[in-house]
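Visitor: The residues making up each chain are set out below.
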Amino acid sequence: MPTHYYLVISALLFSIGVLGVLVRRNAIIIFMCIEMMLNAANLAFIAAARELKNMDGQVFVFFVMTVAAAEVAVGLAIIVTLFRNKETVDVDEVNLLKF
Amino acid sequence: MSLSLIVLFPLIGFLINGLFGAKLPKPVPGVIASLAVLASFVVAAIGFLQVADSGAAINETAYTWMSAGSFRADVAFTLDQLSGLMILVVTGIGFLIHLYSVGYMAQDHNDPESKKYARYFTFLNLFIAFMAILVLADNYLLMFVGWEGVGLCSYFLIGFWLEREDAAEASKKAFIMNRIGDFAFLLGMMLIFLAAGSLKYTEVFAAFKANPELFSTGLVSLTGITLLLFIGACGKSAQVPLYTWLPDAMAGPTPVSALIHAATMVTAGVYMCARSSALFDAAPTTRLIICAVGTITAIVAGLTALAHTDIKKVLAYSTVSQLGFMFMAIGAGAYSAAIFHVFTHAFFKACLFLGAGSVIHALHGEQDMRKMGGLASKMKATNLTFLLSGLALAGAIPFAGFFSKDEIIAQTWHAAGGNSIYLLFAAVGLVTAFITALYTGRQYAQVFGGAARDEHLHEHAHESPAVMTIPLWILAAGAVFAGFLGVPHIPGVPEQLHAMANWLGPVFGEKHGEESANWLLLGLGAIIGWGGWILGRNLGLKGGATSVLPQNSSLSLDRVYNGTIVRAGDLLATASRWFDEKIVDGLVNGVGQMFGQISAALRLTQTSFVRNYALSMALGAAVVIAYFVSRG
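So the sequence lines, in the order shown, correspond to chains A and B.
Using my numbering, the first residue of the first sequence is number 1, and each one after it goes up by one.
Using my numbering, the first residue of the second sequence is number 1001, and each one after it goes up by one.
Treat the hints with care, as some may be off.
Said to hold, decoys possible - Here's a subset of chain A near chain B, in silico, CB distances under 10 Å, partners left out: (1) V18; (2) R25; (3) I30; (4) V94; (5) N95.
Claimed, not checked - Some chain A residues well away from chain B (every beta-carbon gap over 10 Å; in silico): (6) L13; (7) A41; (8) L43; (9) I46; (10) A48; (11) F62; (12) A70; (13) V72; (14) V91; (15) L96; (16) K98.
Stated by the list, open to error - Computed beta-carbon distance windows for the label pairs: (17) A:E35 x B:G1632: 28 to 38 Å; (18) A:E87 x B:A1618: 26 to 36 Å; (19) B:A1621 x A:M32: 26 to 36 Å; (20) A:V67 x B:V1624: 16 to 26 Å; (21) A:I9 x B:I1625: 16 to 26 Å.
Hints are computed from structural coordinates only; laboratory data are not their basis.
Every residue gets a Cβ at the ideal spot worked out from N, C-alpha and C, and that includes glycine.
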């Protein structure tokens, strides 16, 4: 399969992720969308590695997955704490930081 | 005996009364203060006798005050014939007035503790100390210390009843008007230093004598220096146009008026000019101006005194007028005549003021002469002493004022040999002498003569205690006899009766006895003195209810000053305020407001919706990517 197929799918996944972050209000959904954007980037790395016959891209993917795991731990902890305090995970309800 | 002691004793009294006076029972602060001044007087008298014995001045350097490069100022005192006479007057009359004050101030019913009483004597002692410094200083700088010091004490004492609005205003006015003169004095002093390189009297005069050219190079000119010194004297000695503070100074306690605003401080200007006689002698233009100013002051103040009905105001204007006479003498180059008048005037004017204080005290604070009258029988001692010193002021022969005033007019007349305009000054002087006799006679008759005009006041009038009448008697004796120290040169008069001129001669380098007495002026003086007195007495007895001139005709500079200088000051202040509020504050506030508004606009972007922030991040990322893509 030609490489640009993978790249198109990667771009589609990333765009869906961005759109999800921008339009959804549930913090968990937003969080999942961010994960999707990361994985879209991973897909692009893998495709590029195969195309260039170079292992660097695959190494990067491992790094991204590690960081994403750590990020999930921190992010979910924040969401849990948020729910404990405000009994909601709607990000529009969390609006104290303004003028 | 050390000359420093003369200054030190009142300073010690000042410290004791200032630190502990409020805790001492009532007559004690007054007694301490009086003793301090008496001690000064004794030391001064010993020094005076020493000078009389040896004929040489006593010099004493306490310590070097400052020394910078070629400039050097010592705290050094000198007691010569001139300063010796002045210090005797200051401490002697000062002591009598302290003594009088012990009785006068004790009756302040608003002062149950001796707080005010102690404050009064604290400042009175400080005044004597500064006056002693002024008189005894052997250089201009130290004289200036005393000069400023007496001004300060005068400010404190005029505003002694500081809860009274008029007293507070008057003290400020006196201080500010004096500062104008002080500034000129300071400038004159700087020019002297520029010319002579020293401020010590002897060195300055020696430098001038050796090389008069020094005093007319570049910025420096002798006329300028002497004029600046004279303007300084104008402020302190209440000459036109800086005299308006002195009548207002009557807001202070009456003994203060007697001591500071009649007998001693106001003569400081005359003393300073006499001290600088070596310079003034060589500046005929300045002396002409001085004589003119003195003459104008004398007649204007005399006419104003005629218009007033307040017992103290009449005496105040009379003081201004007499100071005018003294400056006439300075202007005519007759320094010993000026000092002679300072000497006699100190006696009779102090006595008149203290007598007025005694009357005011007896009438429970009433100062309006229209409500007085018929006090002669009630207050025997005050009446007689007031009469004697009044006659002295009026220049009635043979009282003290006759000789000193006649000497001044004769000397001015004599000066006409050089410049005939002095004839005019002498003539105006004669007219002023007549006016003086007129208002003095009127005042005496209105206060003591005739029948009581206010029964209630008259009923309660009583003679003052002995502590107040004894100083009156001593001063009255001076008013009667002091004149015999300067009798004109009539053949057959023993030499002792020219003591004043002979005594001061060495200081001024004057030679007297060459011009014989001017019989015309002597005769005129005798007629004017007694004639004016009798006329004034009749006026006072007859039309006692009114003053001779209507009150509002008083030739007061106050209105002119209020209309011009004070108004201009107000306008300037208003303009400055506008500038400060609108321009300066406007700029500062404007900058602040500008940033406030900018941030208010930017604040709207902080919505707190996470999606908005995410959108701006995404857009930012898109822009960055678009940029790199478009660059290829």
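Visitor: Minimum Cβ distance from V94 of chain A to chain B below 10 Å?
Guide: 7 Å, holds
Visitor: Holds or violated: the hint that V18 of chain A contacts chain B, with Cβ atoms closer than 10 Å.
Guide: Given a least distance of 6 Å, the restraint on V18 of chain A holds.
Visitor: Does the claim that V72 of chain A lies outside the interface with chain B hold up, using a Cβ gap greater than 10 Å?
Guide: Label holds. Min Cβ-Cβ 18 Å, cutoff 10 Å.
Visitor: Just checking, A41 of chain A versus chain B, shortest CB gap more than 10 Å?
Guide: Correct as stated: the minimum Cβ-Cβ distance to chain B is 13 Å, above 10 Å.
Visitor: State, for the Cβ atoms of E87 of chain A and A1618 of chain B, whether the hinted interval 26 to 36 Å holds or is violated.
Guide: 29 Å, holds
Visitor: Holds or violated: is there a CB of chain B closer than 10 Å to the CB of R25 of chain A?
Guide: Constraint on R25 of chain A satisfied, holds at 8 Å.
Visitor: Do I9 of chain A and I1625 of chain B keep their Cβ atoms within the hinted range of 16 to 26 Å?
Guide: 19 Å, holds
Visitor: Would you check whether the claim that F62 of chain A is not at the interface survives, using Cβ distances to chain B and the 10 Å cut-off?
Guide: Given a closest Cβ separation of 24 Å, the condition holds.
Visitor: Taking the closest pair, is the beta carbon of I46 of chain A still more than 10 Å from chain B?
Guide: At about 21 Å from chain B, I46 of chain A clears the 10 Å cut-off, so the statement holds.
Visitor: Note whether the CB distance of A1621 of chain B and M32 of chain A lies within 26 to 36 Å or breaks it.
Guide: 20 Å, violated
Visitor: Close enough to count: is the Cβ of I30 of chain A nearer than 10 Å to one in chain B?
Guide: 8 Å, holds
Visitor: Compute the least Cβ-Cβ separation between L96 of chain A and chain B, then decide whether it is above 10 Å.
Guide: 7 Å, violated
Figure legend: structure checked against the earlier numbered hints; hints not met, in rising order: 14, 15, 16, 19.
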